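Q: Residue numbers (our numbering), protein chains in the order written: chain A, 1 to 102; chain B, 103 to 508; chain C, 509 to 690.
Think of the hints as simulated: they come from the structure by calculation, not from any bench.
Each hint should be verified, as a subset may be incorrect.
Unchecked claim - Result set (DSSO-like, lysine-lysine): computed pairs, CA atoms no more than 30 Å apart in a straight line:
no., chain 1, residue 1, chain 2, residue 2
1, B, Lys-261, A, Lys-26
2, B, Lys-261, B, Lys-202
3, B, Lys-160, B, Lys-188
4, B, Lys-188, A, Lys-26
The structure presented is a predicted model; accordingly, all values stated were derived computationally and were not measured.
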Amino acid sequence: MVPLGAYLLLSAVLFTLGAFGALARKSAVAILIGLELMFNAALLNAVAFWRYLHPQGFEGTVFAIVILAVAAAEVAVGLALFIAVYRRFGTADADDIALLRG
Amino acid sequence: MGAFLRDPSVLVEWLRALLMSWGLSAGLTELVLYLLGGFALATGPMLWVIFLIWFERKAVARFQDRLGPNRVGKFGLLQPFADVLKLMTKEDIIPEGADKPLYWAAPILSVAGVLLLWPAIPLGLGIGGNLNVGVLYLIAAGTLGIFAILLAGWSSNNKYALLAAFRTVAQLVSYEVPMVLVLLLPVLLARSLNLQDIVQAQDVWFVVYVPLAALIFLIVSIAEVGRTPFDLLEAESEIIAGFHIEYSGMKFAMFFAGEFLHAFTIGILTAVFFLGGWRGPGADIYPVLGILYLWLKGFLVYFVVVWIRATHPRIRIDHMLNFSWKFLTPLALTLVTVGAVLDKVVVGWGVWPRALAHLASNVVVALVTLQLVRAWARRLPRPKVGEPRPVARPQPQTQPQPASGD
Amino acid sequence: MVTTFLFGLIALIMVLAALVAVTNRNLVRATMGLVLVLFGNAVLFVLLEAYFLAMAQIIIYIGAIAILIVFAIMLTRHVGEDWGPAFHRAWPWALVIAGGLGGALLFWMVRWPGGQNTPAGQVDPNYVQALGQALVNPQGYVVPFEVASVLLLAALIGAIYVAWGGRRVKGPYPQRAEGGER
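Isolated chain A (complex conformation):
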């Protein structure tokens, strides 16, 4: 089997790409996509650690299940916010929502 480091490396690359997407993208949906990538990298890490270090236990799997639930909740609220913002401002670009800028 592949050593643990390979999974961690892939996960790190995905996390970095996701972070870049979440920080650099204009559209709010694209930011959410970046966040999802980061969640997935974390999920992959949790499962890889579970399999390689403690496959008899349940900690890794339970942690992954909680991550799944949190990601689902985050996307539901995020997209609801996004639709509400779009309806109000007529745009969904995170740049244009600058109500608090002086």
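Start from chain A and add chains B and C according to the hints.
A: Relative to chain A, chains B and C alone:
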């Protein structure tokens, strides 16, 4: 031959020995065997579709007092081949502004979403799927079909295709909820997510335990396939097509074949979950017989699906969504709750008392539901039929009209 | 051998798909990239023998989250069209921050000796059943499980409240001055 009937794995062993004798390494042999298995599982159902198309056309024709295809070959049996030839020679049109990779991917995903259901299905004792997350696998494979529809609608660059895709996806997502809930009941009764275990647990078919759940599963499955009475998004007799309106030639044929195969697959799945799967007299000793039993049961359910298609009128989109969210989902939830509580009460009762207790609970739930629906229907405003209604009746002139041409 | 090859292939596809997901201007294509990454993740879970999680990943991420994202893109007009730049003005800063983060991760990872680990032991063939019992066991993980479900419920109620169309607050903030609706 007798050994094969008793234990079909001798076929695999024979193939493995043959491949090894050709000088392949053990790992490569395993890989070739897996590929062969996948090839057989993908090709068998697709070939079966050719017969299904003929059968459905013939059956629907008889329901409608027609003859159906009868020109090409004996009883028109070669008609599907003629159809395929026609579709192959058709021009393959890709609309202007289409998103090409996604446009190509959609029909493939549509068929793959159905074919992926097959590896999980237990075909006989020790044959076919033995996945310990089988039920979850079936649900997961179903989501690929949803994606195929979304992709087809979006990549065609046609707003009607997109709208139809949205409505179809709304339908599929709504009907997935009661389906998952109802699938919990066989899982609960068999105490396993493994389809093979679910079949093994059916000393008494689960349709005897929970007939209501079986009925809901059948209805919901028909909605998942998008057949009459739930086919209003691609109603052939009223609109041209739904999400696949821009597809032509072989790509259209793939959507078409996927739909037919899916209709048969839900027959097989209903048989696995509620009709005892491959079980039947002698199937324990001769597992190959199990394939025949499963096929027969699946075909029976498929015939019922065709029957419904031929005789039931279409329903409206709001009715359809309401039916799922306001009727099927609460009912399925009630069934699961009642079933779970009851199964704890009757623990250690033996097979038939347990089955009859579940059956009784189902009957009670059905009666209560009928009463509730009746009470609700009584409060609905009803259009008056049979009284004369003032439709476009000439009104008496009250004011003198000015003479024209003044 | 086969596993290594599979892992390499899937990893390559996932990284390329992630690049599409974060750089493509067309949001639907970006979402498709995300779906490919999610699917690759599920395949990796199968390689890691976490079958339950692989299925949960496909059902929840692809079947629910990705479809929700596509719906949100298409419910808002014009957002799915690929006009304008994908990144905002300050994107080099994002590159610096993300690159620094990734660099730090890599730096610590190569220094950690556990990266050469091979799996410790086998996975129980009846792991799914044991997991199910652990999730509802008061001595096990019933609390995180319930907290997750309460969080999900609260989030869904909040999402419905936020996105409800009937109740629009008239605020002092005017519609966009230049161009209004594009």
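Q: Work down the list of hints and note, for each, if the structure agrees.
A: Okay, the hints, checked on the actual structure:
Proposed proximity of Lys-261 (chain B) and Lys-26 (chain A) is supported: the alpha carbons are some 26 Å apart, at most 30 Å. Distance hint between Lys-261 (chain B) and Lys-202 (chain B) is fulfilled; the C-alpha atoms sit about 16 Å from each other, no more than 30 Å. Proposed proximity of Lys-160 (chain B) and Lys-188 (chain B) is supported: the alpha carbons are some 19 Å apart, at most 30 Å. Under the criterion of a C-alpha separation no larger than 30 Å, the hint pairing Lys-188 (chain B) with Lys-26 (chain A) is inconsistent with the structure, at around 48 Å.
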